[in-house]
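Visitor: Sequence:
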Amino acid sequence: MNSDWQTSTLGDLGPIKTGKTPPSSLGDGFGGTVPFVTPGDMAGQKWITDTDRYLNENGLTAVRSSLMPARSVAVSCIGSDMGKAALLSRPSVTNQQINTVAVDESRFNAEFVYYDLSVRQQELKAAASGSATPILNKGHFSTFEISLPPRTTQDKIAEILGRLDDKIELNRRINQTLEAMAQAIFKSWFVDFDPVKAKIAALQEGRDPLRAAMSAISGKSDAELDALPPEQCEQLAATAALFPDEMEESELGEIPKGWAFKSIADIAELAIGKVYVSSLHEDIYISTENMLENRAGVTRAASLPSVANVPSFKAGQILISNIRPYFKKIWMARFDGGRSPDVLAFEAKDPQWTNFLYNLMYQDSFFEFMTRTAKGAKMPRGDKDAIMGWNFPCDGGLLMAVFSERVRPHYVHIESLTAQCNSLSELRDTLLPKLLSGELSVSDIAVA
1 MNSDWQTSTL GDLGPIKTGK TPPSSLGDGF GGTVPFVTPG DMAGQKWITD TDRYLNENGL
61 TAVRSSLMPA RSVAVSCIGS DMGKAALLSR PSVTNQQINT VAVDESRFNA EFVYYDLSVR
121 QQELKAAASG SATPILNKGH FSTFEISLPP RTTQDKIAEI LGRLDDKIEL NRRINQTLEA
181 MAQAIFKSWF VDFDPVKAKI AALQEGRDPL RAAMSAISGK SDAELDALPP EQCEQLAATA
241 ALFPDEMEES ELGEIPKGWA FKSIADIAEL AIGKVYVSSL HEDIYISTEN MLENRAGVTR
301 AASLPSVANV PSFKAGQILI SNIRPYFKKI WMARFDGGRS PDVLAFEAKD PQWTNFLYNL
361 MYQDSFFEFM TRTAKGAKMP RGDKDAIMGW NFPCDGGLLM AVFSERVRPH YVHIESLTAQ
421 CNSLSELRDT LLPKLLSGEL SVSDIAVA
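The numbering of the sequence shown is the numbering used here, which starts it at 1 and goes up by one.
You can trust all of the hints, since none of them are fake.
Only pairs whose alpha carbons sit at most 30 Å apart, straight line, appear in this in silico DSBU-like list of lysine-lysine:
(1) 384 x 274
(2) 187 x 262
(3) 84 x 167
(4) 314 x 187
(5) 156 x 17
Taking CB as the label site, the calculated pair distances span:
(6) 351 x 176: 22 to 30 Å
(7) 207 x 423: 46 to 54 Å
(8) 81 x 173: 22 to 30 Å
(9) 257 x 20: 51 to 59 Å
(10) 20 x 49: 19 to 27 Å
(11) 166 x 276: 35 to 43 Å
(12) 251 x 273: 35 to 43 Å
(13) 273 x 207: 51 to 59 Å
Keep in mind the hints are simulated off the structure, nothing from the lab.
These numbers were taken from a predicted model, which means no experiment stands behind them.
The C-beta atom is built at its ideal place from N, Cα and C for all residues, glycine as well.
Could you build all of it, start to finish, from the sequences and the hints given here?
Guide: As structure tokens, this is what we get:
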């Protein structure tokens, strides 16, 4: 550490508060616009921009003293998840599992403080008390030490690392948009049956049903369809022709004529292979801990299990956490690796159905079904037989393949951006400890 760096405590940086949950006696304190942050919302991102729940005015009134300003640094301080750090992007309330410091930014840089704490999770855990459920209370949290360079150096370090994080976050948001676009197509074709309904409406109105389905699939008007290159128009017409122009009743509701209800077992199998732990490293091991909630993918594992072998997975398989399925942890594998026994791996029986299978299991309705049929109260686990028996409407399989090919460019782009994120993360994680320790001077790095 350089001689001009000083040691302070978190309590020196600004007011610290432990979060609070609105009392149950209040009734419903949620459903408003004020973010209510829990450790589950801290999924490895720098900024908390979205949360699962938001306080309404009644909820905020009950816990107003716990409202923290934007740019406060929140740290999870209880249980196995403790030590996660994040910045509040706007005024927010946290639950009681989080301590938050409102950094005095007239003296300190909040982003520098975040970066320092983000690499000290093990130190924070070591400072906790309690064996069954470790906890770092407000008092101990306030005395946690932090080394601080001069303010100008704090600003420069935060700027250097922030540029990298901004690019990572931009890529992640683009990936989220691409995922949402694929899901919108899936929902239109296989849930709302928009191309079928467009054909039905066109027949009733004396219009061309094929043309109507082409518009429903592409989102283009007749004039825009006319302007398409002939090859693209022919391909669109071929896809539209695969959809029937009638609906029919089934035991589970109205579906397109000629379609039937299939089960997961009809189109996929549970993977059963094994791999030696000695052949793995933290980047290719997936457990329930490093699968992110709300379908946010995966992050690097903190450690490997102390067993000889674990179940394996292959690129293209769909991984789903089988513990507490309401957390909605799902990921399409981009490489081969090993997984926890509590992470299920599904493989499409036909490789052409892979993207269809992923989008099928990505749906809220699938995770709701998993949750309803899970076994166990304290630690619910999905029932594999029930999962494999989950029903969904589909054609004979051709549309599943056509859909998978239709969204394939989305996932190629996602994979490319994810690779960029990984490279940027590696660079950031290499620079971070060196900058925070003073080993590397900010004058040695040019900010692009």
